[in-house]
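Engineer: Here are the chains, one letter per residue:
There are 2 protein chains.
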Amino acid sequence: MNSGAMLLLRRCRGLTLLSTRRLPVAPAVASCAVRLRSSSAEDQGSYQRAHRPGWRHAVAGLLAGTGAVLAYGLHQHKAEQEAAYPIFSQEEVTSHRSLQDGVWVTYKGGVYDITEFVAMHPGGDKILLAAGGALEPFWALYAVHNQEHVLEMLSEYKVGELNAEDLKKQKTMQTLDPYSSDPERHPVLRINNLKPFNAEPPPEILSDSFITPSAFFFKRNHLPVPQVDPATYLLQVEGLPGGLLTLSLEELKTRFPKHTVTATLQCAGNRRSEMNAVKQVKGLNWGIAAISNATWSGARLRDVLLAAGYGPDVARRAGHVQFEGLDKDVTGTTYGASIPLNKAVSEEGDVLLAYEMNGADLPADHGYPVRVVVPGVVGARNVKWLGKIIVSADESSSHWQQNDYKGFSPGTDWDTVNFKSAPAIQELPVQSAITAPADGAVVDRSSEELTVKGYAWSGGGREVVRVDVSLDGGKTWQVAQIRSSEKGQAPEGTPPTGRAWAWKLWEITAPLPPGAKELKIVCKAVDNSYNMQPDTVAPIWNLRGVLSNAWHRVNVKIREDEREE
Amino acid sequence: MNSGAMLLLRRCRGLTLLSTRRLPVAPAVASCAVRLRSSSAEDQGSYQRAHRPGWRHAVAGLLAGTGAVLAYGLHQHKAEQEAAYPIFSQEEVTSHRSLQDGVWVTYKGGVYDITEFVAMHPGGDKILLAAGGALEPFWALYAVHNQEHVLEMLSEYKVGELNAEDLKKQKTMQTLDPYSSDPERHPVLRINNLKPFNAEPPPEILSDSFITPSAFFFKRNHLPVPQVDPATYLLQVEGLPGGLLTLSLEELKTRFPKHTVTATLQCAGNRRSEMNAVKQVKGLNWGIAAISNATWSGARLRDVLLAAGYGPDVARRAGHVQFEGLDKDVTGTTYGASIPLNKAVSEEGDVLLAYEMNGADLPADHGYPVRVVVPGVVGARNVKWLGKIIVSADESSSHWQQNDYKGFSPGTDWDTVNFKSAPAIQELPVQSAITAPADGAVVDRSSEELTVKGYAWSGGGREVVRVDVSLDGGKTWQVAQIRSSEKGQAPEGTPPTGRAWAWKLWEITAPLPPGAKELKIVCKAVDNSYNMQPDTVAPIWNLRGVLSNAWHRVNVKIREDEREE
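Just so you know, the protein sequences line up as chains A and B, in that order. Per our numbering: the first sequence = residues 1 to 565. Per our numbering: the second sequence = residues 1 to 565.
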């Protein structure tokens, strides 16, 4: 097992107990239900920095798999035992799913007793989710496991072989690719991860239109896209005095007024690649386009909660509204998140149970048939394929709410991080980026001037009021032209205070400075709380690579035409 | 007239029309009703940078008063005409108060026809406020005019002498110092300006207590402190369906529930001195202590507005709640500001009409008997000595709302600034500063460790969730301990989302790094929208020196005791 997998396991801490409580352990046999494709090679560095003396150090030596001697030793060990392995039935394997009874798993017909590893596991007992079953369904979801180091690690714990009949049964179950029903996507998208699907449009397309066409809207799935039949779809609303409210799609559309909001969604990891360039972080290597703007229509969450019995008395005992998606991992754990109750019920919060995006049914990748749209709040809380709403005293207990989308100090690493010490990301900070020209572009001197384009947005409904652009790395600044509608259309006018949910597109055309051979283009936005973007990435670096909103920088070369001819 | 006064006049643009409409011009004869004591010497540099070729250049040459030749010429001119001046009555002077009739003013018995200067005045017709009357009452308010350059400038326009009887009447009126009834203040306060009174506590006192004692709470007055008789005090509420509502102090206290809020107030100019150090700005040279935290009690503005007939229909036509103070300049213009209606009426906005501060009647300097407390919003909107509340479709038309407390790009100067292009500051950005040790302090190596203390706060009710401290100029960071109550008392618990109105005090004790001779201490705070402070001052510099919230930096020397002995 390499350091990436090691970190994966550590990250999974906290999810275990919740999941095991309500899910049958077999045949669900994933050891971790979080995405982590990009966490293999990138994590090696940060892991090596992070590891500490003591037992972790010992495990690290064992797990890192980089020592040739150790690897050789494992191979020997395997070769010696190969012939002598006893045969077990699935039933026997399944009987080993606790520390008391031992923790067994199967992989490609091999049976492994990983009891000893559980105790060494930095992520605690999360690993017990896999107990008693096959690893393959999980590894099909998360490709990071399909690596030699992981297999070497596993081989050490081999205790037997699965009998032929049970192996055949397993294989039949495992041929199903959980992503086989994922929709087709536009080929222009830049794919960061295929399964689950994560992709962003080219930046220059992003600033072409104020409303991002749905096909180009960035996709950020945590799990396979569920296939939902609109005829049988039911949305459940729990935790209110009216008892359980169940709504069909038709009821959602007809019982509540249709409300339309133009809102920008941004992934917490947008611009993570710039943090990665400073020091490796954990997560998909997003560029600057994990942000898009669309028009959303649906019922207001507020109206639905009122219909389900929400009143002032509820506000006194509840503080959060949890959402569960219909997208599930192999253990049956659904994607989940929550938002503060006051955002959910505020007349000015504009939280939607959206069934339309840009005037059409929600596309499959964006949550068909119903998703939550929480304007001003990080993408991760805008739960897609919405199955359940729970009004609660507590935040969502999901991994993504508790142990993932949070920000930390640059001095915090995976050994020192305490996820309880930071609030779940809700409103995002002020953001802007340059969509054109691209970094490294070459401009001919003969063109005399340069047009710089980009986007700017802030969380919490805070309107962007100014974008400053510098061509000299931040020494001098000019104010960009801002627009809040499609080019050529009248601007929509100033949104009410605190309800500026849509981004601004901006551009500035400036003469090429005489004599300059290179332009260091920088942008920074200011919102109406006068929050500004920090100057540099390193001081806001954090181990998950979220909230990357330092000044965006693009360097452009000027080619002197005379010399070129 | 020096460049400071020149800038003053320019700054006054926009206030004129509003003030002249409702006020008699005579005997009110101020040419500008904004504070500007600190705008003399400091402005010279910025003005010289800002001035442009053309007519302004010509005026600058005339007004700057630095040319000895020009000064000599003016003296000659004055000497030649002294004997021949005609005598005018006040009535004649008063008849010259328009461009058509000529613009005359008096000063120490001299009569001046400044009609020609009005046309050259960069600040436009603001100067007409002074038309027909004496300059002294205004100059008593704003000491910047009592300078030789200003007198030389004026002398050029002398046309006559006021008759003896009218001069005597003027003098009788002018002996009153409008600041003579200002209250006593604590001697520990560091005075930035005496009239009007502006002062801040020493930083180390600030972080001594979570609740700032009222005597130490920073004072920021724009005008003389009005003396208000609580027995006859009346608060007027206008612009609601119920018609004019008038409330006595007793009614305010008894008709509405008493609501208590702990809220930090911060002046927009807090930490302006750091911007001044980059490039001169306009305004009082505040250190880091134009911020304090108190407990406020009073009626909720929401409750008073509801009593005056506020309802959803009002929200459709009105967008702002204006406040007028009882503090007035010599023209009768009161201090004024406004806040968005949704903040004023929100159940979660916690806007108070406060009559108590820290459990006692409001002190005179803090608005006795009633002030507005707008938690999360810049000090300037927390109108003191509250006289009138107006629910309106428009923002306050006051100078301070329209042409003063706004932020601009670092590239914007006094020649290019368009005050309409920026929103009035309401919510403030995230802020923090180091209150101890002081910059330049010396620490003995034998003390082995160092404790760093400070405050952190963010506008809009966004809770500070983390403070990062660096001892090496920002290369590495540690997380400070945060507290939200008096030392030794139990913390008050997490405030509801979006209602974190009080600051956090923080501290961190760290070992002195071996070998280090100097510590470059830096702090930066993060709020729950994960907004962060910008790294450096220059890129957020603005011509008014507001919103100064870059990382705070303090350098400390380490003294090696061995060598000293």
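Keep in mind that the hints are not guaranteed to be accurate.
What follows is a set of in silico ranges between Cβ atoms, one per label pair, in the way DEER data are often shown [to be verified]:
(1) LYS517(B) / LYS520(A): 32 to 42 Å
(2) SER447(A) / GLY493(B): 56 to 66 Å
(3) ALA538(A) / GLY493(B): 33 to 43 Å
(4) PRO495(B) / ALA538(A): 28 to 38 Å
(5) ARG185(A) / GLY242(B): 52 to 62 Å
(6) ASP415(B) / ALA277(A): 32 to 42 Å
(7) THR246(A) / PRO495(B): 45 to 55 Å
The hints are simulated quantities; they were obtained by calculation from the structure and are not laboratory data. Even for Gly, the Cβ is constructed at its ideal location relative to N, Cα and C.
Engineer: Would you say the C-beta atoms of SER447(A) and GLY493(B) sit inside 56 to 66 Å of each other?
Structural biologist: 60 Å Cβ-Cβ, so the 56 to 66 Å window holds.
Engineer: Starting from the hint 52 to 62 Å, judge whether the C-beta atoms of ARG185(A) and GLY242(B) obey it.
Structural biologist: holds, 59 Å
Engineer: Is it true that ASP415(B) and ALA277(A) lie within 32 to 42 Å of each other by Cβ?
Structural biologist: Hint holds: Cβ distance 40 Å, inside 32 to 42 Å.
Engineer: Falls inside 45 to 55 Å, the C-beta gap from THR246(A) to PRO495(B)?
Structural biologist: Given a distance of about 35 Å, which is not inside 45 to 55 Å, the answer is violated.
Engineer: The hint says 32 to 42 Å between LYS517(B) and LYS520(A); measuring C-beta to C-beta, is that right?
Structural biologist: Given range 32 to 42 Å: holds, Cβ gap about 34 Å.
Engineer: Check the following: the C-beta atoms of ALA538(A) and GLY493(B) are separated by a distance inside 33 to 43 Å.
Structural biologist: holds, 34 Å
Engineer: For the range 28 to 38 Å, tell me whether the beta carbons of PRO495(B) and ALA538(A) fit it or not.
Structural biologist: Because 31 Å falls inside the window, the suggested range holds.
When held up to the earlier numbered hints, the structure conflicts with hint 7 and nothing else.
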